[in-house]
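Protein sequence lines, in the order shown, are assigned to chains A and B. Quick note: the first sequence uses the working numbering, first residue 1, plus one each step. Quick note: the second sequence uses the working numbering, first residue 507, plus one each step.
In case anyone wonders, no lab produced these hints; they're calculated from the structure. In this text the structure is predicted, and so the values were computed from the model without any measurement. A virtual CB, placed ideally from N, CA and C, is assigned to each residue, including glycine. Some clues are possibly wrong.
Said to hold, decoys possible - Short, incomplete list of chain B residues facing chain A, as computed with Cβ under 8 Å: (1) A643; (2) V646; (3) S700; (4) G711; (5) S712; (6) D714; (7) I718; (8) G720; (9) L762; (10) R777.
Claimed, not checked - Per label pair, the in silico range of CB-to-CB distance: (11) A749/B - P74/A: 49 to 57 Å; (12) R517/B - E128/A: 46 to 54 Å; (13) A749/B - L359/A: 50 to 58 Å; (14) L550/B - R141/A: 35 to 43 Å; (15) E128/A - A532/B: 28 to 36 Å; (16) L681/B - P74/A: 33 to 41 Å; (17) L534/B - R138/A: 29 to 37 Å; (18) V628/B - S415/A: 15 to 23 Å.
Unchecked claim - When the alpha-carbon atoms are kept at most 30 Å apart in a straight line, the in silico BS3-like pairs for lysine-lysine are as follows: (19) K701/B - K76/A; (20) K115/A - K701/B; (21) K190/A - K76/A; (22) K701/B - K163/A.
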Amino acid sequence: MTEAAFQLSGIVQTFPGVRALDGADLMVRPGEVHGLVGENGAGKSTIIKVLAGVYQPAEGRIEVGGSTISPATPEKIRDAGVRFIHQELHLVPYFTVAESVFMGQEISGPFGLCKREMRSRAEAFLREELGSELPGNRLIRDLSPAERKLVQVARALVDGAAKVVVFDEPTAPLASEEVLKIMTAIAKLKTRGIAILYVSHYLNEIVDICDRVTVFRQGKNVAIFDEITTDTGPALVSAMIGRDLDAFFPTSSRSAGEVALRLEHFDDGQAFSDVNLDIRRGEIFGIAGLIGSGREELIDALYGLRKSQGTLTLDGATVDTKTAAKAVANGMVLVPRDRRHDGLVLPMTVAENATLATLDENATFGLIDRGKARQVTEALIKDLDIRPSNAQAVTRFLSGGNQQKVVLARWLAKSAKVFIFDEPTVGVDVGAKAEIYQLIENLASEGAIILISSSDPVELVGTCDRVAVMMRGDVRTIIEKQDLNVDHLVAVTTGATSVSETEHAS
Amino acid sequence: MQVSARHQKHRLATLVGFLPLIIFLALLLYVGLNAPNFMTVVNLKLVLAQSLPVVLSVIGLSAVVMAGGDDVVSGGIDLSTPATAVLCAGIVSVMTTAGQPLLIAAGASLIACMLVGVVNAVLITRLRMAPLLATLAMFVAVVGINNVITARKRLNLAAESIASLRQDFVFGIPLGILLVAVLALLAYHFLHRSKWGLNLQAAGGSRDAAEISGIRVDRLVAQTYLLAAFMGFVTGFFMLARANGYSPGAQDNLMLEMVLATFLGAAFSPRRIVTVWGAILGAVLVAAISIGLKTIGVNVFWTDLIKGALIVIVVALSAISERVQ
Numbered sequence: 001m002t003e004a005a006f007q008l009s010g011i012v013q014t015f016p017g018v019r020a021l022d023g024a025d026l027m028v029r030p031g032e033v034h035g036l037v038g039e040n041g042a043g044k045s046t047i048i049k050v051l052a053g054v055y056q057p058a059e060g061r062i063e064v065g066g067s068t069i070s071p072a073t074p075e076k077i078r079d080a081g082v083r084f085i086h087q088e089l090h091l092v093p094y095f096t097v098a099e100s101v102f103m104g105q106e107i108s109g110p111f112g113l114c115k116r117e118m119r120s121r122a123e124a125f126l127r128e129e130l131g132s133e134l135p136g137n138r139l140i141r142d143l144s145p146a147e148r149k150l151v152q153v154a155r156a157l158v159d160g161a162a163k164v165v166v167f168d169e170p171t172a173p174l175a176s177e178e179v180l181k182i183m184t185a186i187a188k189l190k191t192r193g194i195a196i197l198y199v200s201h202y203l204n205e206i207v208d209i210c211d212r213v214t215v216f217r218q219g220k221n222v223a224i225f226d227e228i229t230t231d232t233g234p235a236l237v238s239a240m241i242g243r244d245l246d247a248f249f250p251t252s253s254r255s256a257g258e259v260a261l262r263l264e265h266f267d268d269g270q271a272f273s274d275v276n277l278d279i280r281r282g283e284i285f286g287i288a289g290l291i292g293s294g295r296e297e298l299i300d301a302l303y304g305l306r307k308s309q310g311t312l313t314l315d316g317a318t319v320d321t322k323t324a325a326k327a328v329a330n331g332m333v334l335v336p337r338d339r340r341h342d343g344l345v346l347p348m349t350v351a352e353n354a355t356l357a358t359l360d361e362n363a364t365f366g367l368i369d370r371g372k373a374r375q376v377t378e379a380l381i382k383d384l385d386i387r388p389s390n391a392q393a394v395t396r397f398l399s400g401g402n403q404q405k406v407v408l409a410r411w412l413a414k415s416a417k418v419f420i421f422d423e424p425t426v427g428v429d430v431g432a433k434a435e436i437y438q439l440i441e442n443l444a445s446e447g448a449i450i451l452i453s454s455s456d457p458v459e460l461v462g463t464c465d466r467v468a469v470m471m472r473g474d475v476r477t478i479i480e481k482q483d484l485n486v487d488h489l490v491a492v493t494t495g496a497t498s499v500s501e502t503e504h505a506s
Numbered sequence: 507m508q509v510s511a512r513h514q515k516h517r518l519a520t521l522v523g524f525l526p527l528i529i530f531l532a533l534l535l536y537v538g539l540n541a542p543n544f545m546t547v548v549n550l551k552l553v554l555a556q557s558l559p560v561v562l563s564v565i566g567l568s569a570v571v572m573a574g575g576d577d578v579v580s581g582g583i584d585l586s587t588p589a590t591a592v593l594c595a596g597i598v599s600v601m602t603t604a605g606q607p608l609l610i611a612a613g614a615s616l617i618a619c620m621l622v623g624v625v626n627a628v629l630i631t632r633l634r635m636a637p638l639l640a641t642l643a644m645f646v647a648v649v650g651i652n653n654v655i656t657a658r659k660r661l662n663l664a665a666e667s668i669a670s671l672r673q674d675f676v677f678g679i680p681l682g683i684l685l686v687a688v689l690a691l692l693a694y695h696f697l698h699r700s701k702w703g704l705n706l707q708a709a710g711g712s713r714d715a716a717e718i719s720g721i722r723v724d725r726l727v728a729q730t731y732l733l734a735a736f737m738g739f740v741t742g743f744f745m746l747a748r749a750n751g752y753s754p755g756a757q758d759n760l761m762l763e764m765v766l767a768t769f770l771g772a773a774f775s776p777r778r779i780v781t782v783w784g785a786i787l788g789a790v791l792v793a794a795i796s797i798g799l800k801t802i803g804v805n806v807f808w809t810d811l812i813k814g815a816l817i818v819i820v821v822a823l824s825a826i827s828e829r830v831q
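Kindly generate the complete structure, drawing on both the sequences and the hints.
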């Protein structure tokens with residue numbers, strides 16, 4: 001058994017009100033590709049930041065190459081040979097490949113920069129260490145996403161001192177055929193004896209490339225897989241989600257009506273292509289998909305926040321939603337994922353926010369009838385149980401769940417036909433979650449059309465009648481109610497399908 | 507199919523990037539056709555001599571824009587440089603008129619100018635004010651101080667040696683032009699051919715990328731505001747030489763031409779970014795247009811309108827070309 005390239009043991013990291021890491025361990029050996037998987041909020045990104053020296057954990061030990069680093073600062077970690085390939089690219093679009101690779105560590109002689117040497121060394125590094133033939137004088141903005149990723153990798157490793165490389169979701173923005181380039185580069189690094197920590201939501205990639213895998217759940221490593229076989233995919237899924245689903249989802253006796261909302265050939269030429277969906281009246285329809293699947297972009301496009309082509313038919317009539325204003329006018333409303341930025345005007349009161357979309361109805365000759373607006377708001381506050389039940393409260397000081405209810409109140413005041421929920425319960429506590437699910441259920445019972453886009457499989461399974469799964473820009477499949485369970489949904493979303501489908505068939 | 511669409515976009519962006527240059531050259535051509543004497547060697551010398559203060563101030567401004575990013579609203583910009591230049595001219599004039607030696611006067615104005623740079627740097631890198639607002643406020647404040655110092659009066663050149671920037675020749679080349687050329691070459695070397703310069707561009711191109719690469723962005727940004735203040739100081743002497751003394755109100759036109767030249771200069775660079783040499787070429791072009799319009803007898807007030815419109819066009823086109831990409 002080889003010695004560890006790095007080892008984190010007994011890490012405890014707390015934030016106000018949360019124990020993000022609760023005695024977590026993680027060990028990676030030289031020359032291995034080690035997968036790190038877990039649901040959102042499992043503690044993956046926290047432990048990476050602990051390893052990076054960004055967070056100082058309350059307890060635990062960080063060892064790199066056999067020696068303890070304490071306290072771990074970003075500089076000391078870097079000096080110890082640990083490098084991070086961040087999910088975001090962080091490149092200057094108008095720099096050349098060579099300039100980007102040597103950013104911050106330029107080669108310069110007595111007469112200034114040695115551009116030619118930088119170029120030839122960057123090209124040599126990309127060719128020999130990463131298996132890529134990129135010319136050093138190409139501009140970043142002319143590269144494909146995978147090529148940019150390789151430039152980012154080269155920048156982190158070009159000094160030759162790297163012993164540990166952490167890849168954080170390296171393939172998220174890439175098309176399927178481009179993923180191979182990254183995989184080739186990682187395989188090359190592995191042969192050099194570099195320890196690689198590979199963090200990804202794509203379980204098929206994890207199974208393909210990793211030698212060992214650690215699974216995180218609720219701030220701890222709950223499983224370590226020392227051998228990866230074709231059966232590992234489903235085993236990873238069950239280790240990730242555990243078996244503690246809360247029964248706080250509403251029960252439903254609804255039956256969906258006829259098809260009322262139809263998406264045909266939606267295409268933005270970039271993030272998604274040829275999306276076709278039929279959604280019924282009174283149905284709660286879910287859209288699942290990882291970052292990079294095109295899910296978020298599709299939602300934005302439906303609401304006119306992103307340019308796209310496609311036909312949207314609502315109740316048999318073609319509807320123009322090319323701008324958000326037109327979407328709202330046609331009865332389609334969005335409860336956005338980032339409610340603090342896009343959903344609410346935080347310094348305004350509950351009443352002002354709730355009536356923002358219906359000012360015309362509460363005004364005479366352009367003057368707002370404050371009394372009427374307050375009456376409308378107070379009724380909504382009661383219906384939705386918004387706390388504090390004060391129309392004049394400033395929304396900034398409301399809890400996440402109550403802020404979300406205010407966003408919802410605005411659209412209820414507008415009596416919309418189609419409600420699009422984008423990550424409806426992010427940052428909402430458990431109690432308020434249940435209330436929001438109940439509100440969504442009530443809307444559907446009253447005949448509204450509901451679309452929920454979510455990264456939380458438990459939420460989708462708990463609330464939706466059907467779920468469309470997007471992957472790398474396509475709708476891969478639509479899961480019907482009878483097949484809808486968390487295992488299956490996670491397996492399909494993360495690309496572990498090939499494994500689970502054979503299982504289905506047998 | 508996607509590739510060709512990308513190519514088309516690329517070509518469109520290139521065309522949009524060149525448009526400001528095309529507009530300027532068309533304007534020059536128009537002037538040339540209407541005033542046959544315009545395109546002569548004598549006039550070229552006049553244009554160069556006239557452009558010196560703008561050339562000097564765009565060296566500072568382009569460094570600031572390179573380090574702060576070229577977004578006109580949130581990126582790096584230093585509007586206070588013209589005010590710093592007239593502050594220098596004002597202090598030197600008042601002190602030399604009062605009989606102080608030139609060296610003492612220059613020292614005092616250097617201190618004052620660098621103080622402006624330090625305040626800019628603190629406002630922007632410590633208090634995190636938007637550069638556009640911070641330096642606009644500084645522009646107004648510094649012009650105000652200068653009006654107090656000079657009582658807003660025209661002062662004739664008291665230190666004769668400053669006039670040599672305009673009158674003297676070295677190897678047949680005017681001394682002023684030679685000095686500015688040397689400064690421009692130095693600036694080019696340090697901003698485009700040195701580690702420091704490349705780090706500066708990295709900071710302006712992507713602050714996060716630069717910070718991740720271990721570049722100390724705030725320090726670089728602060729240094730560019732100091733450089734801009736220093737260039738303002740140097741500009742002051744050339745303004746004194748050009749106008750044969752201190753004349754109040756010179757900062758307004760300088761600001762207009764400086765901003766126009768810097769952003770116009772981006773059209774010269776193959777990457778469509780603000781560069782020192784592009785800004786310097788831009789400055790010469792702007793001076794040529796100014797003189798050209800005067801030559802064909804366009805009313806001075808109309809000239810301002812034309813310059814203002816050109817700024818709008820240049821900045822709008824750069825925004826459009828970015829969006830197309």
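The hints, checked one at a time:
Interface hint at A643/B: violated, since its Cβ lies 25 Å from the closest Cβ of chain A, which is beyond the 8 Å cut-off. Annotation: interface hint on V646/B violated; nearest CB of chain A at approximately 29 Å, more than 8 Å. Among the interface hints, the one on S700/B holds; its C-beta lies about 5 Å from the nearest C-beta in chain A, closer than the 8 Å criterion. Among the interface hints, the one on G711/B holds; its C-beta lies about 3 Å from the nearest C-beta in chain A, closer than the 8 Å criterion.
For S712/B, the shortest C-beta to C-beta distance to chain A is roughly 5 Å, which falls under 8 Å, so the interface hint holds. Because the closest C-beta pair between D714/B and chain A is about 5 Å apart, less than 8 Å, the hint holds. At about 6 Å, the closest approach between the beta carbon of I718/B and any beta carbon in chain A falls short of 8 Å, and the interface hint on this residue holds. The closest approach between the C-beta of G720/B and any C-beta of chain A is roughly 5 Å, which is under the 8 Å cut-off, so the hint is satisfied.
A distance limit of 8 Å between C-beta atoms decides the matter here; for L762/B the minimum to chain A is near 27 Å, and the interface restraint is violated. With a cut of 8 Å, the hint placing R777/B at the interface with chain A holds, because the nearest CB-to-CB distance is about 4 Å. In this structure, A749/B and P74/A meet the distance hint of 49 to 57 Å, their C-beta atoms being roughly 53 Å apart. A C-beta distance of roughly 35 Å is found between R517/B and E128/A, which places it outside the suggested range of 46 to 54 Å.
Evaluation of the 50 to 58 Å hint for A749/B and L359/A yields a pass: the beta carbon distance comes to about 57 Å. For L550/B paired with R141/A, a C-beta distance near 37 Å keeps the hint of 35 to 43 Å intact. The hinted window of 28 to 36 Å between E128/A and A532/B is violated, with their beta carbons roughly 51 Å apart. Separation of L681/B from P74/A is about 52 Å and departs from the stated range, judged on CB atoms against 33 to 41 Å.
In this structure the hint that L534/B and R138/A lie 29 to 37 Å apart at CB holds, the actual value being about 35 Å. The supplied range of 15 to 23 Å is broken by V628/B and S415/A, whose beta-carbon atoms lie about 54 Å from each other. About 24 Å separates the Cα atoms of K701/B and K76/A, which keeps this hinted pair within 30 Å; it holds. Note on K115/A and K701/B: the hinted pairing holds, with a Cα-Cα distance of about 10 Å set against a maximum of 30 Å.
Restraint check: the Cα-Cα separation between K190/A and K76/A comes to about 23 Å, which is no more than 30 Å; the hinted pair holds. Between K701/B and K163/A the CA atoms are separated by roughly 27 Å; this keeps the pair inside 30 Å, and the hint holds.
Hints 1, 2, 9, 12, 15, 16, 18 from the earlier list are contradicted by this structure; the remaining hints agree with it.
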